[in-house]
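**Q** Read off the chains here:
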Amino acid sequence: MICLTHDFLVLGINHNTAPVLIREKVSFPGNHDGSITRFLTQTGDLLECIILSTCNRSEIIAVTKDPDSSVENLIRLISEIHGLNQDQIGPYFYIKKGQEAVRHLFRVTSSLDSMVLGEPQIVGQVKEAFRRDASANTTGPLLNRLMHRAFFTAKRVRTETGVALSAVSIAYVAVELAKKILGELEQRRTLLVGAGEMAELTARHLASLVKKPIKIINRTFENACELASQFEGTADSMEKLDDALAMADMVISSTGSCEPIIRFQQMKTVMRRRRHKPIFMIDIAMPRDIEPEVNDLDGVYLYNIDDLQSVVDENMGERRLEAEKAGRIVDQEVNKFINWTRSLEWAPTIVSLKEKFEEIRTNEMAKMNGKLGSLNEAEKDAVEILTKAIINKIAHGPIAFMKQSIKTKKINQHVDFVQRVFGLDEFVSGNEPEEAKTSEYEIDHRN
Amino acid sequence: MHLIFFKIAAIFYLLASIVYVTFLLRSENSKCLYGFAFILAGLVAHTVSIVHLFVAQGFFPMATGFDALSLFAWLVVAIHTTIQFRDPNPVLGAMAAPIATVLMLIASTFSYQITQPIVPVLKSWWLPIHVSFALAGNAVFTIMAMAGAMYIFQERLIKRKKIGRFHRILPSLETLDKLNRQALPIGFFFLTLGIISGALWASSAWGSYWNWDPKETWSLITWFAYAAMVHQRLALGWRGKKAAMLALAGFALVMFTFIGVSLLFVGHHSFVSLALRVVPA
Numbered sequence: 001m002i003c004l005t006h007d008f009l010v011l012g013i014n015h016n017t018a019p020v021l022i023r024e025k026v027s028f029p030g031n032h033d034g035s036i037t038r039f040l041t042q043t044g045d046l047l048e049c050i051i052l053s054t055c056n057r058s059e060i061i062a063v064t065k066d067p068d069s070s071v072e073n074l075i076r077l078i079s080e081i082h083g084l085n086q087d088q089i090g091p092y093f094y095i096k097k098g099q100e101a102v103r104h105l106f107r108v109t110s111s112l113d114s115m116v117l118g119e120p121q122i123v124g125q126v127k128e129a130f131r132r133d134a135s136a137n138t139t140g141p142l143l144n145r146l147m148h149r150a151f152f153t154a155k156r157v158r159t160e161t162g163v164a165l166s167a168v169s170i171a172y173v174a175v176e177l178a179k180k181i182l183g184e185l186e187q188r189r190t191l192l193v194g195a196g197e198m199a200e201l202t203a204r205h206l207a208s209l210v211k212k213p214i215k216i217i218n219r220t221f222e223n224a225c226e227l228a229s230q231f232e233g234t235a236d237s238m239e240k241l242d243d244a245l246a247m248a249d250m251v252i253s254s255t256g257s258c259e260p261i262i263r264f265q266q267m268k269t270v271m272r273r274r275r276h277k278p279i280f281m282i283d284i285a286m287p288r289d290i291e292p293e294v295n296d297l298d299g300v301y302l303y304n305i306d307d308l309q310s311v312v313d314e315n316m317g318e319r320r321l322e323a324e325k326a327g328r329i330v331d332q333e334v335n336k337f338i339n340w341t342r343s344l345e346w347a348p349t350i351v352s353l354k355e356k357f358e359e360i361r362t363n364e365m366a367k368m369n370g371k372l373g374s375l376n377e378a379e380k381d382a383v384e385i386l387t388k389a390i391i392n393k394i395a396h397g398p399i400a401f402m403k404q405s406i407k408t409k410k411i412n413q414h415v416d417f418v419q420r421v422f423g424l425d426e427f428v429s430g431n432e433p434e435e436a437k438t439s440e441y442e443i444d445h446r447n
Numbered sequence: 448m449h450l451i452f453f454k455i456a457a458i459f460y461l462l463a464s465i466v467y468v469t470f471l472l473r474s475e476n477s478k479c480l481y482g483f484a485f486i487l488a489g490l491v492a493h494t495v496s497i498v499h500l501f502v503a504q505g506f507f508p509m510a511t512g513f514d515a516l517s518l519f520a521w522l523v524v525a526i527h528t529t530i531q532f533r534d535p536n537p538v539l540g541a542m543a544a545p546i547a548t549v550l551m552l553i554a555s556t557f558s559y560q561i562t563q564p565i566v567p568v569l570k571s572w573w574l575p576i577h578v579s580f581a582l583a584g585n586a587v588f589t590i591m592a593m594a595g596a597m598y599i600f601q602e603r604l605i606k607r608k609k610i611g612r613f614h615r616i617l618p619s620l621e622t623l624d625k626l627n628r629q630a631l632p633i634g635f636f637f638l639t640l641g642i643i644s645g646a647l648w649a650s651s652a653w654g655s656y657w658n659w660d661p662k663e664t665w666s667l668i669t670w671f672a673y674a675a676m677v678h679q680r681l682a683l684g685w686r687g688k689k690a691a692m693l694a695l696a697g698f699a700l701v702m703f704t705f706i707g708v709s710l711l712f713v714g715h716h717s718f719v720s721l722a723l724r725v726v727p728a
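Here the protein sequences line up with chains D and L, keeping their order. So for the first sequence, this note's numbering puts the first residue at 1; every next one is plus one. So for the second sequence, this note's numbering puts the first residue at 448; every next one is plus one.
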């Protein structure tokens, strides 16, 4: 009986399975050089291993001969490394084996398993983990191939679906909108109305985007000056509001006023002064600072905090829809990868089969040598070709039979069957691909 | 021979249209470079076709409806391509490629062969100058109208707070308004030169600058419309949605002058249509 005796294993905790307290404890901070990965690989009796550790997850991706005992070993080792009680952290771990491990890794790398669906950092983090552990020599042919396919899958997901396309935070939505209205933001003038906490937060965010000094207008002039000095902007009093509006390209209003401070009629006059140059207004105050009718004016684009939030929600929904599409891409890639691992299983058997047939042929030819001695060279060649053609034709049946079984789950049975029928068992001693006489498909593990 | 290249170009434009339009209906996250590649391939084939015809005939191919439409399509694609190189946008491609395809299809219904002896007036260097300027103006106004349509659509999405995929793949309002601002004087310049060169040609051919031929009349109306637009933009500061709507209205007028007048009225410009009506033997 032959089967791939190496199995993929993923053991990990993430934001879904463990509270932040546990996640903080089970991280691998001292692993810049892969020394912890090497330690785990050696003491945990793993063939290949990668440790992935981000703010939201810690995972061990491994190739092992015996997944069950490896899981036990790993949990014990992880608790020892972090000085934790094994029973305390054990229940938080998820364990994925074989195909499920592959699928999990592909989903993680494609950012489908992230806390914020589709966030872009994870690919880089996985790449970094792989690079580090590859140079620490803890990866081998199976993980190298697996990671390569994971990155390929992530790339497909990123380009073929919109899972990472839309903005999913209020600040980001506001910036995207500003760009769609005003083009490049660097040379745009920003006006903050109100100098409260919210205004400060917004200013901090904007300071990195715009080069022109931010103008701040507040009821109490002193507060405006204070905030302005913080962000190297300029301050003005409330009486100058209309002039400031006439100059600005982006307005963010966040005063604590009970009455709207920017009214329709006022804004209409301002727009005439601006010659209807477009202006993007964001009202994050509660109650509102800007009369909603202002949005009806030509060239004014007014969004309040609820508008922005609903864009965020919609985008999140859109990402979830796209994630379904991405899931199908992941499934395709998982299947392709699993087929590859299965080919490792039948490949040695095909080689053995061909070798066995060739051995029979050469033996029989040797026996007949006396009787065929009278043949001339051309005739000898013809016999050679004839006999080779016969064994190839015979071998074709069982090979096709095994290759066909890739599509079904019966591969092991089929391969086993072929081995028994042709008496190949002695050829594939030890049942391990790397011990079979298969230089072509040889798997060379470093450890 | 040039017909083969013409057909290849038309097929590439068609492929580009299909790629671009299906791109709009899907949710891919790219600049749709395949569509652009097809357009470029089409442009190259189209250029070869026109140059070949020029060499084969020995004079600038401008005597038939086929030539005029083909050159018009070529100009639209060429201008579109320069814009795409600066700032790739699939939505612009999704408009330009189908328009080019349709123009090529209409052109192919006309015969490119000049079976009748060419009217002597057409054998003049004024022909390529006059037609090139007029068509260049039309092409610029066509692109301007596309930018206008995109502006109106994008503006509507932002005003109504419908921030979806279309909002994302459409260019920013600023970009589109800038396109309008830059295209308007260029198109107006070409239109003016087209009319002036036409008048000079008329004077050398018939001895009078202006004959109130229907095409001339409508060209003048178009010219006044665009002159008003230039004035509104520069002097009154009209921009954004108003400018975009004017670009669309102006385009309707341009198309009427270019195609409608030739079909409805008979005049000097019917020389072209005379050559067209010849049924290939």
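Hints may contain errors.
As the list claims (entries may be wrong) - Far from chain L, by Cβ distances over 10 Å, these chain D residues were calculated:
| # | residue |
| --- | --- |
| 1 | HIS15 |
| 2 | THR43 |
| 3 | ALA136 |
| 4 | ARG145 |
| 5 | LEU182 |
| 6 | GLY183 |
| 7 | ASP243 |
| 8 | ARG275 |
| 9 | TYR301 |
| 10 | TYR303 |
| 11 | ASN315 |
| 12 | TRP340 |
| 13 | SER343 |
| 14 | ASP381 |
Claimed, not checked - Derived DSSO-like pairs: lysine-lysine, alpha-carbon spacing no greater than 30 Å straight-line:
| # | chain 1 | residue 1 | chain 2 | residue 2 |
| --- | --- | --- | --- | --- |
| 15 | D | LYS212 | L | LYS625 |
| 16 | D | LYS240 | L | LYS606 |
| 17 | L | LYS689 | D | LYS268 |
| 18 | D | LYS240 | L | LYS609 |
| 19 | D | LYS268 | L | LYS454 |
| 20 | D | LYS212 | L | LYS688 |
| 21 | L | LYS688 | D | LYS179 |
| 22 | L | LYS606 | D | LYS127 |
| 23 | L | LYS606 | D | LYS277 |
| 24 | D | LYS179 | L | LYS689 |
| 25 | D | LYS211 | L | LYS662 |
| 26 | L | LYS606 | D | LYS212 |
| 27 | D | LYS155 | D | LYS97 |
| 28 | L | LYS608 | D | LYS211 |
| 29 | L | LYS662 | D | LYS179 |
| 30 | D | LYS268 | L | LYS662 |
| 31 | L | LYS609 | D | LYS277 |
| 32 | L | LYS689 | D | LYS155 |
| 33 | L | LYS662 | D | LYS212 |
| 34 | L | LYS609 | D | LYS325 |
| 35 | L | LYS625 | D | LYS277 |
| 36 | D | LYS268 | L | LYS606 |
| 37 | L | LYS608 | D | LYS179 |
| 38 | D | LYS277 | L | LYS662 |
| 39 | D | LYS211 | L | LYS606 |
| 40 | D | LYS356 | D | LYS393 |
Think of the hints as simulated: they come from the structure by calculation, not from any bench. All of these numbers come straight from a predicted model, not from anything done at the bench. Beta carbons: idealized from backbone N, C-alpha and C, even for Gly.
**Q** Indicate, hint by hint, whether the structure satisfies it.
**A** Now for the hints, and whether the structure bears them out:
Distance check on HIS15/D: its Cβ is at least 25 Å (rounded) from any Cβ of chain L, clearing the 10 Å threshold; non-interface status holds. Interface exclusion of THR43/D from chain L stands, the closest Cβ pair being 44 Å apart, more than 10 Å. Listed as a non-interface residue, ALA136/D keeps its Cβ farther than 10 Å from every Cβ of chain L; the least gap is roughly 34 Å. Every CB of chain L is more than 10 Å from the CB of ARG145/D (nearest about 27 Å), matching its label as outside the interface.
For LEU182/D, the requirement that its beta carbon stay farther than 10 Å from each beta carbon of chain L is not met, with the minimum near 5 Å. The Cβ of GLY183/D sits about 3 Å from the closest Cβ of chain L, inside the 10 Å cut-off, so the non-interface label is violated. The beta carbon of ASP243/D sits about 19 Å from the closest Cβ of chain L, which is more than 10 Å, so the claim that it is off the interface holds. The Cβ of ARG275/D sits about 4 Å from the closest Cβ of chain L, inside the 10 Å cut-off, so the non-interface label is violated.
The claim that TYR301/D is not at the interface with chain L is violated, since a C-beta of that chain comes within 10 Å of its own (minimum 5 Å). Under the 10 Å C-beta cut-off, the non-interface status given to TYR303/D relative to chain L is violated; the minimum distance is some 7 Å. For ASN315/D, the condition that its CB be more than 10 Å from all CB atoms of chain L is violated, with the nearest at approximately 8 Å. Distance to chain L confirms TRP340/D as a non-interface residue, since its nearest Cβ pair spans about 27 Å, more than 10 Å.
With a least beta-carbon separation of about 31 Å from chain L, SER343/D lies farther than 10 Å from that chain, consistent with its non-interface assignment. Every CB of chain L lies more than 10 Å from the CB of ASP381/D, the least distance being 52 Å, so the non-interface label holds. A hinted pair counts as satisfied when its Cα atoms are at most 30 Å apart, and LYS212/D with LYS625/L qualifies at roughly 21 Å. For the hint linking LYS240/D to LYS606/L, the alpha-carbon distance of about 27 Å falls within 30 Å, and the restraint holds.
Taken as a hint, the LYS689/L and LYS268/D pair is honoured in the structure, with Cα atoms around 17 Å apart against an allowance of 30 Å. Restraint check for LYS240/D and LYS609/L: the C-alpha separation of about 33 Å exceeds 30 Å, so the hint is violated. For the hint linking LYS268/D to LYS454/L, the alpha-carbon distance of about 55 Å lies beyond 30 Å, and the restraint is violated. With a C-alpha separation of about 27 Å, the suggested pairing of LYS212/D with LYS688/L holds against the 30 Å cut-off.
With a CA separation close to 17 Å, the supplied pair LYS688/L and LYS179/D stays within the 30 Å bound. About 42 Å separates the Cα atoms of LYS606/L and LYS127/D, which puts this hinted pair outside 30 Å; it is violated. For a cut-off of 30 Å, the pair hint linking LYS606/L to LYS277/D stands: about 15 Å separates their Cα positions. A distance of roughly 21 Å separates the Cα atoms of LYS179/D and LYS689/L; the hinted pair therefore holds under the 30 Å criterion.
A hinted pair counts as satisfied when its Cα atoms are at most 30 Å apart, and LYS211/D with LYS662/L does not qualify at roughly 52 Å. Between the alpha carbons of LYS606/L and LYS212/D the distance comes to roughly 26 Å, so the proposed pair stays at or under 30 Å and holds. As the CA atoms of LYS155/D and LYS97/D are separated by approximately 24 Å, the hinted pair is consistent with the 30 Å bound. Between the alpha carbons of LYS608/L and LYS211/D the distance comes to roughly 28 Å, so the proposed pair stays at or under 30 Å and holds.
For a cut-off of 30 Å, the pair hint linking LYS662/L to LYS179/D is broken: about 43 Å separates their Cα positions. For the proposed pair LYS268/D and LYS662/L, the alpha carbon gap of about 43 Å is over 30 Å, so the pair is violated. Proposed proximity of LYS609/L and LYS277/D is supported: the alpha carbons are some 22 Å apart, at most 30 Å. Of the supplied pair hints, the one linking LYS689/L and LYS155/D is violated, its CA atoms being roughly 42 Å apart against a limit of 30 Å.
Proximity of LYS662/L to LYS212/D is assessed by CA-CA distance (about 52 Å); at most 30 Å being required, the pair is judged violated. Between LYS609/L and LYS325/D the alpha-carbon distance is near 23 Å, which keeps this suggested pair within the 30 Å criterion. Annotation: proposed proximity of LYS625/L to LYS277/D holds, straight-line Cα distance about 12 Å (limit 30 Å). The straight-line distance between the Cα atoms of LYS268/D and LYS606/L is roughly 16 Å, inside the 30 Å bound, and the hint therefore holds.
Restraint check: the Cα-Cα separation between LYS608/L and LYS179/D comes to about 15 Å, which is no more than 30 Å; the hinted pair holds. For the given pair, LYS277/D sits about 37 Å from LYS662/L by alpha-carbon distance, which is inconsistent with the 30 Å threshold. Between LYS211/D and LYS606/L, the direct Cα distance comes to roughly 27 Å. Compliance with the 30 Å bound is thereby established for this hinted pair. For the hint linking LYS356/D to LYS393/D, the alpha-carbon distance of about 14 Å falls within 30 Å, and the restraint holds.
The structure does not agree with the numbered hints 5, 6, 8, 9, 10, 11, 18, 19, 22, 25, 29, 30, 32, 33 and 38 stated previously, though it agrees with the rest.
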